[in-house]
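S.K.: Below, each chain spelled out in residue letters.
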Amino acid sequence: MTRQLLRVTAHRLWGGVLVLWGALTVTFLALRAAPGDPVDTVLGPQVGASPQLRERISAELGLADPWWLQYLRSLVRPLTGDLGRSYQLAQDVGDVLASQLGPTAQLALAATGLAAAIAVVTATATAGRGGAVAAWVSGGELLAVSAPLFWVGLLLLSVFSFQLRWLPAAGAGGVAGLVLPAVTLALPLGGVMAQVLRGALDRTLEQPYVTTLRARGLSEVAVRLRHCLRHGAVPLITMGGWLVGDLLTGTVLVETVFARPGIGRTLVTAVIAKDFPVVTAVVLLAALLFLVINLLVDLVSLVVDPRLRQPGRAREAAR
Amino acid sequence: MSAPALSPLSRRIPWPVLFPAAVLAVLLLAALAPQVLSTVDPQAMDFRQALRPPAPGHPFGTDQLGRDVYARTVHAARVSLAVGVGATAIGFLVGSVLGLLAAVLSRVVDAVLMRVVDILLAFPGLLLALVCIAVLGPGPVNSAVAIGVASVPQYARLVRAQAQVLRGSGFVEAARTLGQGRMTVALRHILPNALAPLTVLATLGVGTAIIAGAGLSFIGLGTAPPTPEWGAMLAEGRNLLGRAWWVVVFPGLCVTAAAICVTVLGRHWQAALEGRGRA
Numbered sequence: 001m002t003r004q005l006l007r008v009t010a011h012r013l014w015g016g017v018l019v020l021w022g023a024l025t026v027t028f029l030a031l032r033a034a035p036g037d038p039v040d041t042v043l044g045p046q047v048g049a050s051p052q053l054r055e056r057i058s059a060e061l062g063l064a065d066p067w068w069l070q071y072l073r074s075l076v077r078p079l080t081g082d083l084g085r086s087y088q089l090a091q092d093v094g095d096v097l098a099s100q101l102g103p104t105a106q107l108a109l110a111a112t113g114l115a116a117a118i119a120v121v122t123a124t125a126t127a128g129r130g131g132a133v134a135a136w137v138s139g140g141e142l143l144a145v146s147a148p149l150f151w152v153g154l155l156l157l158s159v160f161s162f163q164l165r166w167l168p169a170a171g172a173g174g175v176a177g178l179v180l181p182a183v184t185l186a187l188p189l190g191g192v193m194a195q196v197l198r199g200a201l202d203r204t205l206e207q208p209y210v211t212t213l214r215a216r217g218l219s220e221v222a223v224r225l226r227h228c229l230r231h232g233a234v235p236l237i238t239m240g241g242w243l244v245g246d247l248l249t250g251t252v253l254v255e256t257v258f259a260r261p262g263i264g265r266t267l268v269t270a271v272i273a274k275d276f277p278v279v280t281a282v283v284l285l286a287a288l289l290f291l292v293i294n295l296l297v298d299l300v301s302l303v304v305d306p307r308l309r310q311p312g313r314a315r316e317a318a319r
Numbered sequence: 001m002s003a004p005a006l007s008p009l010s011r012r013i014p015w016p017v018l019f020p021a022a023v024l025a026v027l028l029l030a031a032l033a034p035q036v037l038s039t040v041d042p043q044a045m046d047f048r049q050a051l052r053p054p055a056p057g058h059p060f061g062t063d064q065l066g067r068d069v070y071a072r073t074v075h076a077a078r079v080s081l082a083v084g085v086g087a088t089a090i091g092f093l094v095g096s097v098l099g100l101l102a103a104v105l106s107r108v109v110d111a112v113l114m115r116v117v118d119i120l121l122a123f124p125g126l127l128l129a130l131v132c133i134a135v136l137g138p139g140p141v142n143s144a145v146a147i148g149v150a151s152v153p154q155y156a157r158l159v160r161a162q163a164q165v166l167r168g169s170g171f172v173e174a175a176r177t178l179g180q181g182r183m184t185v186a187l188r189h190i191l192p193n194a195l196a197p198l199t200v201l202a203t204l205g206v207g208t209a210i211i212a213g214a215g216l217s218f219i220g221l222g223t224a225p226p227t228p229e230w231g232a233m234l235a236e237g238r239n240l241l242g243r244a245w246w247v248v249v250f251p252g253l254c255v256t257a258a259a260i261c262v263t264v265l266g267r268h269w270q271a272a273l274e275g276r277g278r279a
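For the record, the sequence lines run as chains P and R. Our numbering numbers the first residue of the first sequence as 1 and each following residue consecutively. Our numbering numbers the first residue of the second sequence as 1 and each following residue consecutively.
There's no promise every hint is true.
A few chain R residues facing chain P, derived, Cβ under 10 angstroms [said to hold, decoys possible]: (1) V116; (2) L127; (3) I219; (4) L234; (5) T263.
Which stretches of chain P does chain R cover? Using the computed rule of at least three CB atoms under 8 angstroms from a CB of chain R, they are [what the hints assert, rightly or not]: (6) 23-29; (7) 154-162; (8) 251-258; (9) 266-275.
Residues from chain R that keep clear of chain P, each with C-beta distances beyond 12 angstroms, as calculated [said to hold, decoys possible]: (10) R12; (11) L24; (12) V40; (13) P42; (14) V135; (15) R167; (16) T184; (17) L187.
What the hints contain is simulated information worked out from the structure, not anything from laboratory work. Just so you know, even glycine gets a beta-carbon here, dropped at the ideal spot from N, CA and C.
Please construct the entire structure, taking both the sequences and the accompanying hints into account.
M.R.: Okay, here's the thing in structure tokens:
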């Protein structure tokens, strides 16, 4: 198993290197394709900058160098931990991201936990059952998955903050301020996860060993929670990469709805200001997260599902 | 004679198809001919009427400038739906061309293009769209382009996979034996047969793109106020939440209805096609 773990890891790492290279290349091309001079972005609205000042900023940004040197620099610098300086904030991009990572991580973790709880409860309760309850639950899931996040957030805000006044309307302060954003982000994720988990549980409940368990007199709850859930969880784990992408997209919208600080809000501000070093860093962060999560997914799948540990199945699992 | 002719039609079309189709028809009417549904000017301000709740004169209430929310919601359909459809068209066209080229041209082109597509698929669509907007700048046209470009990898991958399957089929081999050129075979024989699954992806894509377009406007990167657009209306309504729930409820309802109806129809279309394939 150790060799297989190493092989899966190596395969993932190689794919990850390509994705990181792609991220840096795409953002480098974007920076060069963007109309306008980055020097103007750095200077901001002050119009009367002298040519000497412009030249100095241009030299600091390395814009006077040939394009291939700039490209090489954009590839090598992040490896040394240097993400450059923000055009707008007069701060190192690394520091900017580090200060915004906390609130976003809090939100993402809370939402993931909540979404998993929603999925496990609704799926184990309704899998393999027909009737009105199952129909209502799957209808609710469709609504949770399809309704735009930002609208659901506004509705929750309207009801729970402004009508009932139970929860604060904005800000990152404390647990109370985290409830509505986390719920907003968790609903669509939980909806998708519940659908996937229910599909897997439906298939598992038809297995012969479930009949055996029932014949031995195990209660339905024990059959579902102790035996079937583990099998049903495998497809859920493989969704990890998708989950991270969706969380990242979701935080951009949720942080705007609830006026929370965080990576998403920082990204939107940077996009408006054409602050390319910050945009590049967020894209890089997304690529890195994608790489790490997919590696974890592969390794956890091997641990949870022994069937994947046969030789020859490793490449399949790596995909 | 027309009344009896209708009844077999409604019997043939099940209501899960008929209902979303009817909702979409109303939204399309709002996009193409808003004056049929509302004769009120969506930009007309009346400060004495500001922030009135829904009432007979203003069925969806009024906003902070006294504009009629119903008229604005109706007129917003045009931009919101156009961004969704336009973005899908861009993704569909560019993706199909790239996918077809990958399948038809040399192995090297195929390997390079598909590697790039794989890398791009690793990023969430909204992130790619945001990078595009950082380059192009905000606006409704640019947001449609950005959402479209972000969806190109999906279409390219699907077309390429379809073309790979079709390339080995008998009729393609026959066409080649008859001496038809690579491009002729690709355009006349492979592409038409690859279209069916593409239309499913595109239909589902319109729903996603409508939500993405409204989302970009909501975060201030798409359509800017005072132009009526569902996402921009939600952004304006966000600041009025404490005083006027109706300003955010109705435009959001339209985005949700449009997206769900398109998705439901797309799923039915998919099921119908798969049924045909199995038969």
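S.K.: All hints, please: hold or fail.
M.R.: Against the structure, the hints come out as follows:
1. Interface hint at V116/R: satisfied, since its Cβ lies 7 angstroms from the closest Cβ of chain P, which is below the 10 angstroms cut-off.
2. At about 6 angstroms, the closest approach between the beta carbon of L127/R and any beta carbon in chain P falls short of 10 angstroms, and the interface hint on this residue holds.
3. With its C-beta approaching chain P no nearer than about 5 angstroms, I219/R sits inside the 10 angstroms limit, and its interface hint holds.
4. A distance limit of 10 angstroms between C-beta atoms decides the matter here; for L234/R the minimum to chain P is near 6 angstroms, and the interface restraint holds.
5. Among the interface hints, the one on T263/R holds; its C-beta lies about 6 angstroms from the nearest C-beta in chain P, closer than the 10 angstroms criterion.
6. A count of 3 residues in the region 23-29 of chain P with a Cβ less than 8 angstroms from any Cβ of chain R is obtained; the coverage claim is therefore met, three being the minimum.
7. For the region 154-162 of chain P, the stated coverage by chain R is satisfied: 6 residues place a CB nearer than 8 angstroms to a CB of that chain, which reaches the threshold of 3.
8. With 4 residues having a Cβ less than 8 angstroms from any Cβ of chain R, the region 251-258 of chain P passes the three-residue criterion, so the hint holds.
9. Counting residues of the region 266-275 of chain P whose beta-carbon sits less than 8 angstroms from any beta-carbon of chain R gives 6, enough to reach three: the coverage restraint holds.
10. Consistency note on R12/R: stated as away from chain P, and its beta-carbon is indeed over 12 angstroms from all of that chain's, at 24 angstroms minimum.
11. Every CB of chain P lies more than 12 angstroms from the CB of L24/R, the least distance being 14 angstroms, so the non-interface label holds.
12. Residue-level check passed: V40/R sits 24 angstroms from the nearest beta carbon of chain P, beyond 12 angstroms.
13. For P42/R, the requirement that its beta carbon stay farther than 12 angstroms from each beta carbon of chain P is met, with the minimum near 20 angstroms.
14. With a closest Cβ-Cβ approach of about 4 angstroms to chain P, V135/R is found to fall inside the 12 angstroms limit, against its non-interface label.
15. Separation of R167/R from chain P is adequate, the least Cβ-Cβ distance of about 23 angstroms exceeding the 12 angstroms criterion.
16. T184/R, annotated as away from the interface, keeps every beta carbon of chain P farther than 12 angstroms; the closest lies near 34 angstroms.
17. Residue placement check: L187/R keeps its beta carbon more than 12 angstroms from all beta carbons of chain P (closest about 30 angstroms).
Checked against the numbered hints above, the structure breaks only hint 14 and satisfies the rest.
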